[in-house]
Each structure stands twice: as C-alpha cells, then as structure tokens.
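**Q** So you can see what is in the structure, the chains are spelled out below.
There are 4 protein chains.
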Amino acid sequence: MAIVLGPNRYGKAEVRLVRVTRDGDTHGLADLTVGVALSGDLTATHLTGDNAGVLPTDTMKNTVYAFAREHGTGEPEAFALSLGRHFVASQPQVVRARVTVESIGWERLGPHSFRRKGDFTRLCQVTVEESFTQVVSGLKDLVVLNSTASEFRGFRKDRYTTLPETTDRILATEVDARWRHLSGEADWAESFEKAKDAMVNAFVNTYSLSLQQTLYAMGSRVLESRPEIAEIRLALPNKHHYLADLSPFDLENPGEVFIAGDRPYGLIEGTVTRDNAPAARAEWYL
Amino acid sequence: MAIVLGPNRYGKAEVRLVRVTRDGDTHGLADLTVGVALSGDLTATHLTGDNAGVLPTDTMKNTVYAFAREHGTGEPEAFALSLGRHFVASQPQVVRARVTVESIGWERLGPHSFRRKGDFTRLCQVTVEESFTQVVSGLKDLVVLNSTASEFRGFRKDRYTTLPETTDRILATEVDARWRHLSGEADWAESFEKAKDAMVNAFVNTYSLSLQQTLYAMGSRVLESRPEIAEIRLALPNKHHYLADLSPFDLENPGEVFIAGDRPYGLIEGTVTRDNAPAARAEWYL
Amino acid sequence: MAIVLGPNRYGKAEVRLVRVTRDGDTHGLADLTVGVALSGDLTATHLTGDNAGVLPTDTMKNTVYAFAREHGTGEPEAFALSLGRHFVASQPQVVRARVTVESIGWERLGPHSFRRKGDFTRLCQVTVEESFTQVVSGLKDLVVLNSTASEFRGFRKDRYTTLPETTDRILATEVDARWRHLSGEADWAESFEKAKDAMVNAFVNTYSLSLQQTLYAMGSRVLESRPEIAEIRLALPNKHHYLADLSPFDLENPGEVFIAGDRPYGLIEGTVTRDNAPAARAEWYL
Amino acid sequence: MAIVLGPNRYGKAEVRLVRVTRDGDTHGLADLTVGVALSGDLTATHLTGDNAGVLPTDTMKNTVYAFAREHGTGEPEAFALSLGRHFVASQPQVVRARVTVESIGWERLGPHSFRRKGDFTRLCQVTVEESFTQVVSGLKDLVVLNSTASEFRGFRKDRYTTLPETTDRILATEVDARWRHLSGEADWAESFEKAKDAMVNAFVNTYSLSLQQTLYAMGSRVLESRPEIAEIRLALPNKHHYLADLSPFDLENPGEVFIAGDRPYGLIEGTVTRDNAPAARAEWYL
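In the order they appear, the protein sequences are chains A, B, C and D. Under our numbering, the residues of the first sequence are numbered 776 to 1061, in order. Under our numbering, the residues of the second sequence are numbered 776 to 1061, in order. Under our numbering, the residues of the third sequence are numbered 776 to 1061, in order. Under our numbering, the residues of the fourth sequence are numbered 776 to 1061, in order.
One thing to keep in mind: the hints can contain errors.
Same chains, same label: a pair holds when it works inside one copy or across any pair of copies.
Below, computed lysine-lysine pairings styled on DSSO-like, alpha-carbon distance capped at 27 angstroms [unchecked claim]:
#, residue 1, residue 2
1, Lys932, Lys915
2, Lys971, Lys932
3, Lys932, Lys892
4, Lys969, Lys932
5, Lys892, Lys915
6, Lys932, Lys1014
7, Lys915, Lys969
8, Lys1014, Lys969
9, Lys971, Lys892
10, Lys969, Lys892
11, Lys915, Lys1014
12, Lys971, Lys1014
Calculated directly from the structure, the hints in this document are not laboratory data.
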C-alpha cells in the first residue's frame, strides 16, 4: 500500500471581466466572470514543489484579459473554447483545460448606458483536450412561479408523513440547468435563447402533478426543440409557499396569502437525455 | 449619575409575504418582506421583565398576514401605513410604529405564471404616531453603468495621491435611494415610477465630472419633477472598473477591457432637499 | 423654494488590510477592513463637477496602507484616530472625518501560522473634527444561546395573538453592540475585552423574562464595569428556535428538539445610557 | 432516438435542527443542517405525475426531527447513517439514500449557555444502499495563513506571464476537505479531530514551494495517520495577499503591509489516495 496523488487540477477562479465594444458612439457591454482549470502531469509540484510544469494562475488571468482584447469575447461558449484551446495547444504539459464563464445581462438605456437585468445568470463550461471537446451551456438564478395549476397528492405515506394532499398550490423554483451539446460548434446565442425559452414555456404550460413532472417536461421540451443538445440536467429547489393559517382570526384563506419559506426546501434533481447520446467523457455539471 | 434606559424599540423583521390576487383565471402577485418596529413605554420589560405592555412580535407577524387577507396589500406605502396606523390606534402603549416594506418585481409570463425580475428592490418605510405620519419611499440593488461620458480630474492631491486624471472612464453604481414625502398621501405607484425614471434618466444623461455631480443631478431631477417629495438621500458606491494593463503583451487598450473590482469601492452619500422642506421628525433613512 | 444640497460625505469603503509584524521569527497578524468618509464644503463638485476640493478616494486607500507601514496599526481605535486626525489636519477643506475599522481575530498556530477564529467581528468608528473627537467601539456576529432559563409570558394580547406563553424556551441572539466612549483616550484593548466579557456574562447569568430584560442587563453591566463608556446601543435579533411538534409520531418533546428559524425574527433594539452622559455630537451607530 | 429520463434523485435540503440534551442542569447542544436525497424508480412521477412511489420531502424533514428525539443525534456520521438506513430499509422503492450533515461548533459558557465558534463547519455525507455503505467526512470554512515560509518560483512562463518570482509570500487558504472512509464504522469523533489536526499541522509545518505541495502534504499526512481513511479530496483557494506598493511614498514594505484580495483567486484541487483503495461506488464529493 502506498499513498499517491490522485486526480487534480488548478487554475484561476472568478476573473471579473467587463468588455466594452465601441461601434462609433454606440457601445456594447459584456459582463463575464471566467474560471480556468488546467490538468496534466502536475506530480512534480505536488511531491517536490518543482514548478517547472506550472503555468501561474496569474498568467491565466492575464490571458483572459488579453484574449478579450485580441479576439473579443463573443458568445460565452466561443470565448471559453478559444481560451481552452489556447492552453492545450500552447502548453505541452496541459492535457485538459476546463473554462467556465458566467455572464450577466445588461439592458440598454442609451448609446453608452446600461442597467443590470438580474433575471438570471448564463453559464457555460467547456472542456478541451487535444482531440476532444465538450460544451455545456446553462443558466442559474432564474426564479419562476405558478400561482396555481399545481397539485401534489397520491403520494406514499409512512409513520412520519403529516403533509396533507393538495390540488392547488404555488409551484415556485429557482432553475439551475446545464445542457451538454453534441458537438463543439453551434449557434450559441440562438441555442441558448431557444433552450431557455423552451424550459420556461414548459414550466408555464405544464399542469403539474409533481415538480418531477415539471422537471421532465422542461428537459424534454429542450431536447425536442434543440437537436444540438445531447442531454440536460436540472436542479430545481421547491421553493415552498405555505398557506397562512388565518382561521384563528376567523378569516378564510382561499389560496391568497402565503408565507414564503427559506429553509428547508425540496430539491428535485434529474437528467433528461437522448437514449443514443454519447456518454460524457468529462464531468459536465459545473 | 445613574444608568438608565435610552431610546428603544422592538418588532418583527423580514416577514415574508406572497399575496396572490385572483381575478378569475388571471392572477396577480405581490412579493413583500415586511418589518414592524414599535416604540412606547417599554421600561417595565427592560427593567423587570414585566411584559404587560409588550405585544408579541409573533402577533405583529400574524397581523401582517391577516391584513394582507382582510385589506389586500396594494402599494407598499399604503400597506405599511395601514399596518402602522393599526398598531398605534389599537395599542395604547404604542407611541410610534415604524413599518418597512421591501417589494420584489415579477414579470408576467401567463395568466398565473411569473418570473422574478431582479433588477431592483422597491422600498418604503413609514413612521406613524397619533398625530404624525412620515412616508419614505426608495429603492436599492439598481445597478447602472455608463461606459463613457465620465471624467475625473482637477482633484486635490497630497503626498499619498497616485491616481492619474482621466477624461474617459466607466461610471457604474448600485443605487440606494430613499426619498421622503411631504405628506402621508400620494399616488404611490405613479410617484415611485416617475421618481425612479427621473433618477435613471439623470444618470444616463449627465456628462459626469464626478460621481457627486451625478448624485446631485439624480436627486435634483427627482425633486424638480415630483412636487410631493421633500428630499432625497442617495448612497452611491463607485463600482470601480480598472482598465486592464495589456502593455506587457504589446496590446493597446483604448477603453475596452476592464477589470471589475469588488473591494474597496468609493462611497458617495448625499442629500438633495428643498430649502423650505419641513425637518424630518423621525429618522427616515432605512 | 429652491432645491439645494443637503448633508453629504464621501470616501472609500472596505479597504482590506492585512498587517504582518515581524519580531524575529515570531510574526503578528492584524486583519482589518477600513472605511473612510470625509465631510466639508463639497458643494462645487456636486453642483459643477469642480473637484478642486476633492481628495480622491483612491488617496484615502493609499493613506490606509501607508499609515499601516509608517505607524503600525495598533488597536483599531488608535489606528482609526490617527487616520481621522490626519485627514482633518492636512486637508483644510475637510471639516469632519469618520473612520471605521472592522477587525477579525486570528488564533496563533505557530511562530508565523494562524487560524481565523470567526467568533465575532470587532468594530470601531471614530469621528474627528478640529476640536471634537468621538470614539465608538463595538462588535457584531457574536452568537450566544441559552438553552433554558428564558420565559416569555404575561404579555399583551389582541385579536391577532396566538403565541402561547412559555416558561422554558431557547434564547439565542446575534449580538450587535456599539458603545460610545466618554473621551478620545482609553486603553482600547482592555476596554474592549472587558466590555465584551461583561455583555456575555450578563447574557449567560440573566434569568430572562424577555429579551428586552436581557438587553438591559447586558448594557447596564457594561456601563457599571466600564466608567470610560458613556452609553451602549444593542440590536439583538431574537433567533427563534421552535420546539418541533412530534406529537403526530407519538413522541414527547420536552425541550430537546428544535427547528432553528431563519426568517422572520424578532428584533430588539435599545440603548442603555448614563443620565449625565454628554449628548452624541455625531451619529454614532455604524 | 428517444428522449428518456436519466439519473435523478430528490429530497429535502437544509433542515435546520438544534438538539438540546439535558443531563440534569447541564445541557449539551448539537447544531445540524441536514439534507436527504433519495433515488430509486421515480419514472412514474417524472413521466405521468403518478406519485405512488414518492415519499414527500416533508416526510423526510419530519423524520429528521423525530429521529433526533428517538435516537439522539450523536456524531454526524452516525446520525446520517441511521437516517439513510431507515429510508432504504423502510421504503422498498428507495434504492439509495444520501444524507448530508453540516455541523456547527458551539463553545460552552455555562451549564446551559453557549457561544457559536465559527472557526469551521464539519461535514459528512453518507450513501446507503441495501448492501453498500459509503461515508465521507470533511470540513469547510477553515481559514489558515502562514505569513512566511512560502515561495513560488521556477514556474513556467509564456507570453502572458508577468508574475515575478518570490521567495517570501503569505500563503492563505480556506480549506474544503472531504475524506472517504474505508468502511461504514469508525470512531467518528476521534477520526474527525485527528484528521483535522493532521491537515492543519501539515499546513503549519510545510515549507511551501507551491500550494500544490502544501495540499499534498496535508492529504498525505491525513492518510498516514488515519488508516480508516481511503482517500481525501482538497479544494484550496489561494487567497491572494498582495504586497502593497508603497514606493510612491518613499516607504519600503518588507513583507509587512498586504492588500487582501477577494477575486480572482487561485483554486488548487487535488486528491490524495491509497493505491489499493477500493474505487468509490458513489459520488463522494459533496
């Protein structure tokens, strides 16, 4: 028996980049948070502190800013791919690069004026090896709510079950979704917008008997409409809204006044996939 | 010399209320976080633990939910006033009630479907006594950015000054604004929307020589357009965006690639007021 | 009626400073977050953008780091006073400087090794004018809990009261305390430690009939034991712990299993003061 | 090609439990945040909303509180195992239960008085199947710092490298560590304390040429001293402390005044393992 180094990687996290593009008097704005993680033969630095194969994480940060100037940022997936390919191509010791990008939306107020939208965060994570590319897109922080058209009944009961069945409840969740593309090329902007819209439409239009049912509807709607996507993972917290008990005050409460709970919350996680999708070769959940 | 009880108050904070209104199949949604603080003669509970004059904070919470059912919520200011007046009118030991409401916006997606907007949080704080009412409205979390039309030069320098002058920088801030109304009655919805728009327009349209100048423009624009508002306080963090130094890579950077900084940040705070505004009789900054 | 500039100030917030002192092989560590806010005649920059009287906030940041080198940091109050006096003395346009310091504790692990403690954050805020000095010390983030010896009964009831009386509950709070010193000189380290201990001891040893009673005990204990302190303000959230109802499972729960609630929470705020304390001449609550 | 349901699970997250034990007048306190996630054949609820195989997440919450009363909590690993085994044994549709526990430490102040420590959060995650058990222990939020005895030099350089080499820097990190046990039985309390101490001692006593070297030292020290542990994963952010440049003020700065940076940060992740460790059969990183 010996103690050995197992899987490892290193990089720079949360590089905050704001990129202004100047098209005459009209400016554009990209607001990105970039992370880079590199893998390869890093045994020496772990065992002896020999850093000959270690490109500094500071250099990764510099590269993010320099690439934003040299190549622009474009869509998050394209920017991530260009960074990932750079590290793999230029650094012989690097076997794999993983680049993540979070992108915040800004609404235009004027030629050079913007307001942060705050409705969701767009995500992507690309994994690049010399002869392998994997692109995952997604989003988080998107909060949606149906004030009716949601039931929860017919469930299993045991000694510890006290929850009453309901045929009318609020269904609310904060969507965390990641979808894996079949290839390393796509119209990233259109793909993202359409996938997001498919998810949201499925949430809105599904009469829900369980949040799992809604999850599956959201995932399958994305796959049905987007042939470039192999599979999708969803993590949906069930943001509970408890009907306030107003009976002590001789008041009825027919689905109108709710206590919004913080903790605990249900957490429903699931994958919807194509049965012939190639297996993921690298972790693809951020 | 004796040790005595000084100013004090107590109440319930962060009561999370979601109010659904059902107009046939079309639902409305209000998402409020309410705080109540009561003042009066509370000496006994402090000195001896005699709670005869202490209405439980749990009761305040119940009252919030019951009032949401009995009276609806309406505009945040109106809801806060109805709660404040209730406590002062019904509890002889209560001399003053302060009620705060934070309101989150949701965008309609369907008859009973909504998406959280996240662009800002609307605020109000009312103070009610038997013969005094003060209403403060406001907002926070509103992030705006001008990618040019901002200078900072001609400033004072001392031994510790290294900042270069600039005639072109990003100006970005997260607006925290509170405005005090002249009376306890107004068209709260219109007043809020117009005050917000006046602030944002002033930010967008001011060629800025300092964030103070922008602050004053924002505040005075609100007072000019809204006669019902006595004064306005603004706290504007200067969210610094540092031009990335790309010269080591033989790259110019003409105002395009920025490092978004977290800490430290400038903090510009100021009040714009009418010279004949009656003095605030109660603290009015949340 | 005219629109005019009201009270204002500006400065740098959240300057993160780690100061290592090297006494041979044994190092010391101070971990401070500093804020500076200056007031004076700043009308020009607000009205016309003339910055001739505006020392950049970047300079304030530089001054914090330079002073840490030139003078060391010492106790937070002393460091804040030296910074505040510097700005008032060296900048004729500055009438008042307010300096805040948050200090995090680290436990020694070795001659140059440390572990962050995380049990509370020490605070101070000094206000300096040419012939006026005010020092406020305090702390936040200190969470204390009594698992018994707390009652809440005999309280006022109205239509909306449902809370049962209790003679045994958990009392828990996250202490936010600020105390104002009578003068600008004290043994800051000893004063802080003893004031903190007095507060904690009062919390531990008070059989509590209300959180207000505990608050008053905490505050008065500080004033009784520390003659250099004029008054103290406490903001004590009542961190509710709800006894879990296990009766559906035929289980008793004699004060053993609790649900720790996040929101809402009670909030008890009060001041304990000396009846002959000179009035505060500047806001003293952070 | 068909669209199908892939891997999924569901449960209750962040169940906040405070458990008081009463041994006469002396009380004990456990502060746990518990999460439960169940897997099995959940196809029906996803595809048709048939919940016959769905035990409500509300029931999982109830079970946590009831078990805390019936069995006590004990060590986090033991409590998690009892919960996981219960769900697998009592629910035929449940194939796998994953239970996570976060535990916060409190320092005793008196027979029934406590102060929250805040120095780290203890973690565990157990995975239970009918004939498989996996236990992962760990911690997060532990911040340690060496003010010297850290170098970073001899690293690889490319076009984008500007970082100077250094033979004396601050090394600071916030430890996130998870270690997988060889079996489902151990003296959990002793194992945790000794593993934590081994990690901290390795951090303190390693003259560091890279954070990777420190990581490997921390991990291997744990495995060397704890035969019950199969492998350990560490995620170590490099919390950068930048030496303040005081040369514009004619001040030297020999490793004394540092700017503590928030973002970006390096992130070093690695596993140290036994070469004969059985493979993990379930994900084991929280």
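**Q** Does each hint hold? Answer for all of them.
**A** Structure-based check of all given hints:
1. Lys932 x Lys915: Classified as neither; 33 angstroms inside a copy, 36 angstroms across copies.
2. Lys971 x Lys932: Close neither inside one copy (36 angstroms) nor across copies (41 angstroms); limit 27 angstroms.
3. Lys932 x Lys892: Cα proximity of Lys932 and Lys892: none, with 43 angstroms in one copy and 37 angstroms across.
4. Lys969 x Lys932: neither (40 angstroms within a copy, 42 angstroms between copies)
5. Lys892 x Lys915: So Lys892 and Lys915 pass the 27 angstroms test inside a copy (14 angstroms) and across (13 angstroms) alike.
6. Lys932 x Lys1014: Only inside one copy: Lys932 and Lys1014 sit 22 angstroms apart there, 33 angstroms across copies, limit 27 angstroms.
7. Lys915 x Lys969: Classified as within: same-chain Cα gap 16 angstroms, cross-chain 32 angstroms, threshold 27 angstroms.
8. Lys1014 x Lys969: Result: close within a single copy only, 25 angstroms intra versus 33 angstroms inter.
9. Lys971 x Lys892: Classified as both; 16 angstroms inside a copy, 15 angstroms across copies.
10. Lys969 x Lys892: Intra 19 angstroms, inter 19 angstroms, cutoff 27 angstroms: intra and inter.
11. Lys915 x Lys1014: Both: 15 angstroms inside a copy, 24 angstroms across copies.
12. Lys971 x Lys1014: Classified as within; 20 angstroms inside a copy, 30 angstroms across copies.
Hints 1, 2, 3, 4, counting from the list given before, are not met by this structure.
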